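There are 2 protein chains.
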Amino acid sequence: MEVYAKRFTIRCGALQHPTNKLRNERSSMKVLQELRDRIANRVNINLREMEVDVRPMLDALVPLTQFSKFYAFYGLTPYHPLHFHFSNSTLAGSYFLGKCVVEFSMIYKSDVRGDELKVKDDAFVCDGLKIPLHADEEIHIKDSFLIKTLVHNFSHDPESPEEFLIQNSASLPYANIHGAPVEGSFLGPFCTIDLTTVHDTVVGEFAYLQTGEMAHHYVAPGQIWISGPHFDFKYRYDPEVLSRYIRHEPGKYPQGEFINFIEARERDFEEVFNAVRVSRELEVPSGASVSQYAVVKGACTLGENVLVAQRAYLEDAQLGKGANAQENCYIIASRLAGYNVTAHGAKIIQADMGEKVFVGFNSFLRGKLEAGLKVGGGSVIMPHTIIDLQDPVEVPEATLVWGFVANAEDLAQNSIPLSELEQVKGDFARGKMVFTGSGSEFVQAFGHRIDHILEANGAYWKGEESRGHAQSEQDISFNIVQPYPVGDLKGMYPTIDIRP
Amino acid sequence: MEVYAKRFTIRCGALQHPTNKLRNERSSMKVLQELRDRIANRVNINLREMEVDVRPMLDALVPLTQFSKFYAFYGLTPYHPLHFHFSNSTLAGSYFLGKCVVEFSMIYKSDVRGDELKVKDDAFVCDGLKIPLHADEEIHIKDSFLIKTLVHNFSHDPESPEEFLIQNSASLPYANIHGAPVEGSFLGPFCTIDLTTVHDTVVGEFAYLQTGEMAHHYVAPGQIWISGPHFDFKYRYDPEVLSRYIRHEPGKYPQGEFINFIEARERDFEEVFNAVRVSRELEVPSGASVSQYAVVKGACTLGENVLVAQRAYLEDAQLGKGANAQENCYIIASRLAGYNVTAHGAKIIQADMGEKVFVGFNSFLRGKLEAGLKVGGGSVIMPHTIIDLQDPVEVPEATLVWGFVANAEDLAQNSIPLSELEQVKGDFARGKMVFTGSGSEFVQAFGHRIDHILEANGAYWKGEESRGHAQSEQDISFNIVQPYPVGDLKGMYPTIDIRP
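Going down the list, the sequences are from chains A and B. Heads up, the first sequence is in the numbering used here, so the first residue is 3 and it goes up one at a time. Heads up, the second sequence is in the numbering used here, so the first residue is 3 and it goes up one at a time.
Simulated from the structure, these hints should not be mistaken for laboratory data. Treat each hint with caution, since some may be false.
Chain copies aren't distinguished; within one or between two, either way the pair holds.
What the hints assert, rightly or not - Capping the alpha-carbon separation at 20 Å, the derived lysine to aspartate or glutamate pairs in EDC-like fashion look like this:
1) Lys370 - Asp138
2) Lys32 - Asp477
3) Lys144 - Asp55
4) Lys71 - Asp477
5) Lys144 - Glu165
6) Lys144 - Glu161
7) Lys254 - Glu105
8) Lys122 - Glu396
9) Lys464 - Glu285
10) Lys376 - Glu273
11) Lys71 - Glu422
12) Lys132 - Asp117
13) Lys434 - Asp318
14) Lys299 - Glu283
Because the structure is a prediction, the values reported are computed rather than measured.
The shape of chain A in the complex, shown without the other chains (with noise of 0.2 Å):
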């Protein structure tokens, strides 16, 4: 990770504040700027030892006429436990849900999400114990800045079960934080921490975190892993592959296929994100949603308890029953058959994907009309997973698959039948992936979240109470919020508080 080595070192206590030159000219913008260099400061100094800068990556990533351009919204329901609180930040066409507090903070385009936000005097059960809570969970975000930045919480942390907690801390372009407290840390673009609390860590472009709890890290790009207390699962991306879809170098924005793909397709977006209410023409059935926020294009059909989250992107995309596709996604020419979960990041390109098939976060799944791809029904694609064809590749039903695939070789190198890999017990290696531990019990911990998520977005509702996000996401409202048109505070946000 020399491409984040800082170019001078910070000495603690002798910090100057670069912006007091700034301090008396009647400039536009001195406070965001001043707002930029407070957080990359504080990350800094959270991240002293691994000699990280992160100031010259923010500067490169978002010019700050950019803040004064869009506009941020609050979802309102009455599902959702609500307090909104904001204070000396600036938003970018955030989407906030449920109790939400935001002070010293850059959030750029970023999902904030409080679905599955716990309420006071719900039980936390871990490890046996029951940790009653003693008030409503709420996001917490401080000091930090969230580019493009999907915070969608089902947090998973029994140490801090009222406060989800982000605090000092930079992520890059689509850096997924998922369920995860993060303090005084370094996220690269595309990377992900799943239910992974982490403290003072850095993680490289594209890697993927489930591992519980990180401190004092430093994990590398394209590293894939995946730890619990019964199992390990690794794998690493070839660093050549991998710059072909992403790398990052200082002082410039991030680059790449991944960037190119979803570069060619923003314009879409700022239709949608323009008008206050949408209507378009498209058959929604029973218990199903599609946010007005996304995307959808050319002839898409959906099914019951279909959920379309804001900012999926649907071209001739047929999504069967109860599938569900989440926020950033991408479905283009491509049949769901039904109870899909494709997770948020993850695009499908050119594929007919059977029933049940899990597509983990960031995947990017490219066939083509001469090389097109097939997944049998009840396969996991795992989180970070690149399949781009040369050739047609069919994966077996029930099959796992991870990392780089082109063709029916690489394939073979990185997938396994969820049934083997159920037998295995020790160590296990596969190209160059290395599994250890109880392979019935990782395919096991798949199942259950997999169904946890199906349940939870709604693919299941029968019009009974129990609504998923499929079902509630018909009645939410958007509170819009502007910055400061001019002046000394443009692109700053007025304090907002929103309460019942």
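Using the hints, position chain B against chain A.
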């Protein structure tokens, strides 16, 4: 005002809450219904000596379901003291600016603008006394409903300079509350209270008041009354003529030409209100501004320093330098030479208006292709004037016009050269108009007021520091708030607090 007569007697101390029976139902919009009844009771109690029952009127005005259909917005600029507090209330299409507190109120498609709120340490000068403000002035709306009502405060009341209060009051469509605290009062459709504090007062439809203060009064429909220390101006519309333009029966929505005219153009507004940011092909010269919530149709041209406020409607309109088109005004197929004031709710159709012509609140000026209207420079069309032509009419320069004018004979009975009025001392009558006092003070007072309006709106701006509304309103961002979408609270808004 028998149309407002009570259908049953209110017995103090024994008020039955009519929605008690709903309490145990899980009915949608329950809270909104209770709020409406709560307000109606408060207004009725204040007006008990007049035997007014506002409840059936409110029920007929707006179906409750409308309240969940529209959004509202708060305008943010660096030029206005910022604080918006909103609780236990509902809104639709509103536009707040500056310090505003709203509690237990229903506000429907209103414009409430604090452009000219005084700030701490400003001195209010009245009768030679200097009253310094101990805090920023604040608009405070409590236990009231304001339906399609503008509250534009350039508040005049020296008794309470820190608080502009509207309490226990109901105002009907297109009533204007202008610089006018209101307590326990009922304002009929299209009436205007202008720099007039009213207590426990009923104002009939299309009445216009500018009398400083008024308590326990009943003001007849179509009554025009301007009263200062040194003059008194009165005119009352023939009830038969008035009823063609506006009439109101309890249990029904107001009817007449005014309503038809507005309803025919409502759809044009829906479009502009559905966009978060509007871009239009219109040349906006230096110092001018056009609200994104204005309708601009056909071939329109704007001069420098022109102000087109939100909910203004321009169609084939030419607005010369420094002209302003205020909220709810309509300017259609007309030319305004420059420095024209078209006040809130005024309508100008097929007319050629000279320089510095003032058209007062809710005036209705309608020429026809074959019966054009020409108004000479420097003329004053009094608030609530109706010029609806059968034949062509030309108003000479520097003329005061009032009342109902259909042809040249009417004009002779309803106008006076300003130079002639300036000579009047004591009693004077023309047609149905009765004047007493100093004509020159009356003319001067109007002149000062028009100059204040032009200056405040930025008509004279030369690119220096002291901006008017036309300059400042280029720099406004809107925060859009929406109600609960479903459930008991459907149509109600959460508590919102916006601070610097």
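Item checked: Status of Glu105 relative to Lys254 across identical chains (alpha carbons, at most 20 Å) -> neither (27 Å within a copy, 50 Å between copies)
Next item on the list: Pop the pair Lys122 and Glu396 into one bin, within, between, both or neither, using alpha-carbon distances up to 20 Å.
Entry: Answer is neither: 48 Å inside a copy and 73 Å across each miss the 20 Å cutoff.
Next item on the list: Give the relationship of Lys376 and Glu273 under a CA distance limit of 20 Å: within one copy only, between copies only, both, or neither.
Entry: So Lys376 and Glu273 fail the 20 Å test inside a copy (32 Å) and across (44 Å) alike.
Next item on the list: Since the copies are identical, ignore which copy is meant and state whether Lys144 and Asp55 lie within 20 Å (CA to CA) inside a copy, between copies, both or neither.
Entry: within (19 Å within a copy, 53 Å between copies)
Checklist line | Intra- versus inter-copy proximity for Glu422 and Lys71 (alpha-carbon distance at most 20 Å) | finding: Close neither inside one copy (53 Å) nor across copies (55 Å); limit 20 Å.
Item checked: Copy assignment of Lys370 with Asp138, given that the CA separation must stay at most 20 Å -> Neither: 48 Å inside a chain and 65 Å across chains, both beyond 20 Å.
Next item on the list: Could you figure out if Lys434 and Asp318 sit no more than 20 Å apart (CA to CA) within one copy, between two copies, both or neither?
Entry: neither (35 Å within a copy, 71 Å between copies)
Check: Is it within, between, both, or neither for Lys144 and Glu165, if the alpha carbons may be no more than 20 Å apart?
Finding: The answer is within: 12 Å in one copy meets 20 Å, while 36 Å across copies does not.
Notebook entry, point to check: Is the C-alpha distance from Lys464 to Glu285 at most 20 Å within one copy, between copies, in both cases, or in neither?
Noted result: Classified as within: same-chain Cα gap 19 Å, cross-chain 55 Å, threshold 20 Å.
Check: What label fits Lys71 with Asp477 when the C-alpha limit is 20 Å: within, between, both, or neither?
Finding: between (28 Å within a copy, 13 Å between copies)
Next item on the list: Measure nothing new, just compare the shortest in-copy and cross-copy C-alpha distances for Lys32 and Asp477 to 20 Å and report within, between, both or neither.
Entry: Close across copies (17 Å), not inside one copy (39 Å); limit 20 Å.
Note to self: Within, between, both or neither: how does the pair Lys299, Glu283 come out at a Cα-Cα threshold of 20 Å?
What the structure shows: within (10 Å within a copy, 28 Å between copies)
In summary, the structure is inconsistent with hints 1, 7, 8, 10, 11, 12, 13 from the numbered list given earlier, while agreeing with the others.
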